[in-house]
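Participant: Chains as they are written, first to last, in this note's numbering: chain A, 1 to 380; chain B, 1 to 257.
It cannot be assumed that every hint is accurate.
Straight-line distance between alpha carbons at most 30 Å, and here's what the computed BS3-like set of lysine-lysine pairs gives [unchecked claim]:
hint, chain 1, residue 1, chain 2, residue 2
1, A, K348, B, K222
2, A, K251, B, K86
3, A, K348, B, K86
It is worth saying that the hints were derived from the structure and are not from the lab.
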Amino acid sequence: MGEYIKELPDVFSEFSEQRRQSFLTAMEYKKQGKPLVGAFCTYLPMELPLAAGASVVSLCSVSDETIPAAEQDLPRNLCPLIKASYGFAKTDKCPYFYFSDLVIGETTCDGKKKMYEFLSQFKPIHVMELPHTQSEQALQLWKSELYRLKAALEERFHTEITEEKLRAAVRLRNQVRRSMIEFYDTMQMDPPPMSGMDCYNVLNGAPFRFDLENLAKELTELAARLRERGSLPERKPRILLTGCPIGGVYKKVISALEQSAYVVAFENCGGAKATHELVDEDADDIYEALARRYLNIGCSCMTPNPNRMTLLRKMIEDYKIDGVVEVVLQTCLTYSVESGLIRQMVTKDLGVPYISIETDYSMADTAQLQTRLGAFTEML
Amino acid sequence: MNYIGIDIGSTAAKVAVLGETQQYFVLPTGWSSIDTARAIQEQLQQRGISLDESLVVSTGYGRSAVNFADKQITEITCHAAGCAEKYPNCSVIDVGGQDTKTIRIVDGVVSDFLMNDKCSAGTGKFIEVMANRLGCDIDHLFEIAERGSALPISSLCTVFAESEVINHVGAGKPREDIAAGVVDSVAAKVAGLAGRLALSDQVVLTGGLSHLPLFAQSIGKKLGHPVQPLENGRYAGAYGAALLAQRLEEKKNRKEK
Ligand code: SF4
Ligand code: SF4
């Protein structure tokens with residue numbers, strides 16, 4: 001292997017199939033007795049399970065298939081991400097959930113943290129107390145939660161998370177982060193070297209890879225090849241996506257936008273929000289460095305949430321953005337309230353057009369999205 | 001050369017032809033946009049308009065069904081183009097059969113817009129349902145509403161509002177007052193949406209209800225700002241699409257068929 005160079009479209013479609021492909025890998029892992037940890041959110045310091053010898057998989061569900069089952073326990077007017085994730089867990093339809101030895105959640109938004117109480121009825125779950133501010137006190141609390149997670153992992157997996165192992169994990173994750181950044185930064189080219197759909201398929205598939213060293217190498221290679229291939233022929237308006245996680249809605253949103261624009265930047269979890277900041281590898285106190293890095297994530301469950309604003313400003317400039325599209329999942333309170341502040345900053349301070357759309361995991365609003373988002377791109 | 005704009009909405013399909021002659025016509029939209037598109041094609045032929053010598057822009061929610069269109073453009077952009085001819089700086093309120101939108105136009109181009117498409121309150125559909133309840137058509141409902149004093153209809157949902165109307169009917173309230181209540185309630189919802197975008201000095205009303213003076217008046221009252229019905233406002237989208245067809249390059253020769 002390695003000699004044979006795959007065509008770029010094959011690379012893209014491989015990544016888009018990664019989630020399904022890895023079902024088998026996960027099964028293999030289990031057969032070999034390797035532990036698997038399920039995560040619901042970007043706040044999980046993945047270095048800790050990694051140092052405990054466990055692989056991390058994302059349990060955020062992206063299809064509406066099991067929402068009816070979830071609605072037997074949970075209220076209907078709840079965010080589709082929470083309902084779908086819970087539904088897959090409950091109906092045992094998500095192999096990753098099924099194979100997870102331990103699920104780790106964080107007290108992010110209210111819907112999620114209450115959902116964990118239901119989940120704990122049929123799956124071991126460790127909930128980390130995530131503070132909702134980024135003060136020094138909050139940092140200390142969060143750091144103590146990292147220690148608590150360390151102890152929980154050690155106990156469950158009968159292992160010791162040594163400083164050495166943890167530092168190695170930090171270096172490895174940083175390497176993956178750097179390669180992801182290298183990859184998505186190619187979209188700064190104008191026109192970009194690939195469609196936003198191809199780009200997101202890769203971003204979306206990458207977290208389902210367990211062979212992290214290879215993943216980092218492949219992404220770096222992919223970035224180099226894209227730079228070599230150069231820009232797509234046609235110039236079109238350049239869009240940045242921000243807001244809630246879009247795993248369950250990106251296909252309909254991106255395809256509506258890319259009829260007459262390119263989606264070149266992703267600020268959401270899954271894109272830059274979760275990736276752009278590295279952990280300080282050489283810090284004296286590696287727990288504090290980790291805690292700081294994760295607490296810095298600009299999610300709307302933080303108040304105030306300056307880091308999201310800073311990142312957005314930077315991305316709008318770096319990617320030469322012509323329009324910002326915010327995706328809010330139905331009933332997501334924190335993002336929908338915050339969208340007003342984002343609109344203010346984007347339109348008033350930066351003079352960039354902005355639109356916010358609310359959607360869910362169903363296909364019912366595809367035509368409306370095409371009109372709304374189509375009109376938005378026609379206006380740029 | 002003819003420039004044809006076709007606007008397939010949820011209840012009616014509007015066609016504007018700009019060429020040697022200007023023609024406008026409207027057809028009801030059946031349940032199939034494809035059939036509607038076919039019917040339009042026939043109409044055009046009957047009127048002696050050759051598609052080979054035309055550029056066609058389709059718009060509206062059925063725009064993708066028009067397989068002979070040279071380009072599809074969203075109704076927001078087309079509506080704006082149709083209004084900007086006369087009012088290059090204005091706010092447009094368009095009340096359609098299944099959605100309501102408000103568009104802000106600055107120097108002839110769209111600068112911002114909002115759409116209500118999740119719920120039928122504040123749309124033509126709402127009025128149609130209520131007119132049915134009162135046993136009349138929409139124009140007639142507005143006619144009798146002129147004489148009534150509005151009864152409260154406060155539900156945000158069409159289904160609940162309908163039962164409010166039924167209650168009013170059951171309680172023997174005068175039809176004029178109920179009709180006035182219906183107009184008032186729709187106007188309030190439309191104004192609520194329009195008010196969420198900064199209003200221009202000039203506010204125009206388009207859509208299938210724009211020929212009813214009472215409607216523009218009622219929305220204006222709720223907004224606290226005069227609302228001017230656009231002449232031929234039902235055709236704003238189709239007319240705009242035809243204007244945009246004019247701007248399309250002459251790529252007709254590239255077109256097969
Ligand atoms: S948006 Fe916030 S709560 Fe949701 S996955 Fe991202 S960090 Fe977690
Ligand atoms: S999208 Fe919003 S409501 Fe849904 S899980 Fe994330 S923060 Fe919570």
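Participant: Next, verify each hint and record whether it holds.
Facilitator: Hints and how they fare:
no.	hint	result
1	A/K348 x B/K222	holds, 28 Å
2	A/K251 x B/K86	violated, 39 Å
3	A/K348 x B/K86	holds, 29 Å
The structure fails to meet hint 2 from the earlier list, while all remaining hints are met.
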